[in-house]
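Take the sequences, apply the hints, and build the full model.
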Amino acid sequence: MITKLFLNRLELGCISNVLVCVLLATLYVGSLYVWRNIHGRDHPSTIKKRILSVFLMSFVSAVFVYVFADREYFGSDHTYWSLLGLRLSGIIPAVFLPLLLTMVLFLGPVSLHYSDGIYNKFFDFNLWIYCLTNVVWLRNHVIAPFFEEFTFRACMLPILVPCFEYKTSVILCPIFFGIAHLHLLNEKLAHGAKFKVAVLQS
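120 is the number that the UniProt record's numbering gives to position 120 of the sequence shown; each next residue is one higher, with no gaps.
Watch out, some of these pointers could steer you wrong.
As a list, the in silico DMTMM-like pairs of lysine to aspartate or glutamate whose alpha-carbon atoms are at most 20 angstroms apart [what the hints assert, rightly or not]: (1) Lys48 <-> Glu148; (2) Lys167 <-> Glu149; (3) Lys167 <-> Asp70; (4) Lys194 <-> Asp42; (5) Lys49 <-> Glu187.
Since the hints were made in silico from the structure, they are not lab data.
As structure tokens, then:
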């Protein structure tokens, strides 16, 4: 059903919306490689440069929404900022429902940590100090998720929804996100990983 709707919409001229999102994903990944990289992806200097790249790319993504989103579709009650998800109305469910969903999703590993007694380490103050001062941890758990969500969800949905409606657009966004992660395949192969392992990890 969703595939049929997607193909029908493409025939109606919505391919431009898809191409805009492909361009946005390409620019996002490309911004990571504008720097001369003589170290691995986990080297602090590489991480800091890439943080700067995705920070600047977030402004480019916001401009894409301003230029390409069909604001007439959403109506006058939706401001430019609300299209990006930056609004106070509905902020409580927007914060707690995804948190609840994540808790349910990771209920298995959390239960195992509890039964194995590993959960105690999460209450270790020194561990949290180490994590919050470790640039690799910050990239993996804070910075990358935030900027990826902003570009691949907050900025792509306003472009896709006028053509594909909400359900199909919600499914399309992770596809662009997944395609963008193929650049990790090249990185892993360049650092000597076996092809099968690199494919699975990417």
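Hints versus structure:
no.: 1; hint: Lys48 <-> Glu148; result: 16 angstroms, holds
no.: 2; hint: Lys167 <-> Glu149; result: 17 angstroms, holds
no.: 3; hint: Lys167 <-> Asp70; result: 17 angstroms, holds
no.: 4; hint: Lys194 <-> Asp42; result: 19 angstroms, holds
no.: 5; hint: Lys49 <-> Glu187; result: 16 angstroms, holds
In this structure, every one of the numbered hints holds.
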